[in-house]
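Peer 1: The sequence shown begins at 1 in this note's numbering and counts up one residue at a time.
Some hints here could point you the wrong way.
Computed cross-link-like contacts, DSS-like style, restricted to lysine-lysine with a CA-CA straight-line distance of at most 25 Å [claimed, not checked]:
hint, residue 1, residue 2
1, Lys137, Lys8
2, Lys87, Lys98
3, Lys91, Lys74
4, Lys10, Lys98
5, Lys70, Lys8
6, Lys91, Lys70
7, Lys77, Lys87
8, Lys8, Lys87
9, Lys87, Lys70
Derived Cβ-Cβ restraints for the label pairs, each shown as a range [stated by the list, open to error]:
hint, residue 1, residue 2, range
10, Ser81, Gly104, 33 to 39 Å
11, Arg147, Lys67, 34 to 40 Å
12, Asn131, Lys8, 20 to 26 Å
13, Gly31, Phe54, 23 to 29 Å
Hint data in this document are derived by calculation from the structure and do not stem from the laboratory.
Note that CB positions come from ideal geometry on N, CA and C, so glycine has one too.
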Amino acid sequence: MTLYHIDKWKYRNIWPPEGTLHASGRWNEVGQWMIYCSPSIALAKLEILANESFLPIKRVCMTIEVKEQKSLYKVSKDQLSDDWLLKPYPKDLTTYSKKFLTSGCLIMQVPSAQSQREYNYLINVRHTDFNNQITLKSVISEPFDPRLK
1 MTLYHIDKWK YRNIWPPEGT LHASGRWNEV GQWMIYCSPS IALAKLEILA NESFLPIKRV
61 CMTIEVKEQK SLYKVSKDQL SDDWLLKPYP KDLTTYSKKF LTSGCLIMQV PSAQSQREYN
121 YLINVRHTDF NNQITLKSVI SEPFDPRLK
């Protein structure tokens, strides 16, 4: 499985990305070390755009290869409360990541808030199989079209 992670240019040499160590998100609390990924570059960019009030500049796209998809911790839209799309993010969403991080699974599949028929993936960096199963294939500049904002 190939996944994509968009990050700021200044973090291009940091692998694995450390954003969730310092900031909370829809699915994580600060310190829960995970990599937010999408199955396409377009969805990864859409997720970034949804969280910025300005056009992102100087971004890179990390292409990540998952060798074997042994087990996936799946969260379906049907499991979520009606307010899961709201911001600030409902605190109950982080209960899924807490369960995921203790489940033994390397990757959690979650519905995309931007395209609800698609999924995003969160990789547990502290998983014992991380170094064996996850490979950073490339880091390439990923500009955003100025017409998007």
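Peer 1: Now tell me if each hint is right for this structure.
Peer 2: To see whether the hints hold, each was checked on the structure:
no. : hint                        : in the structure
1   : Lys137 to Lys8              : holds (17 Å)
2   : Lys87 to Lys98              : holds (20 Å)
3   : Lys91 to Lys74              : holds (18 Å)
4   : Lys10 to Lys98              : violated (29 Å)
5   : Lys70 to Lys8               : violated (30 Å)
6   : Lys91 to Lys70              : violated (29 Å)
7   : Lys77 to Lys87              : holds (17 Å)
8   : Lys8 to Lys87               : holds (22 Å)
9   : Lys87 to Lys70              : violated (33 Å)
10  : Ser81 to Gly104: 33 to 39 Å : violated (26 Å)
11  : Arg147 to Lys67: 34 to 40 Å : holds (37 Å)
12  : Asn131 to Lys8: 20 to 26 Å  : holds (24 Å)
13  : Gly31 to Phe54: 23 to 29 Å  : holds (27 Å)
Going through the hint list in order, the structure does not satisfy hints 4, 5, 6, 9, 10.
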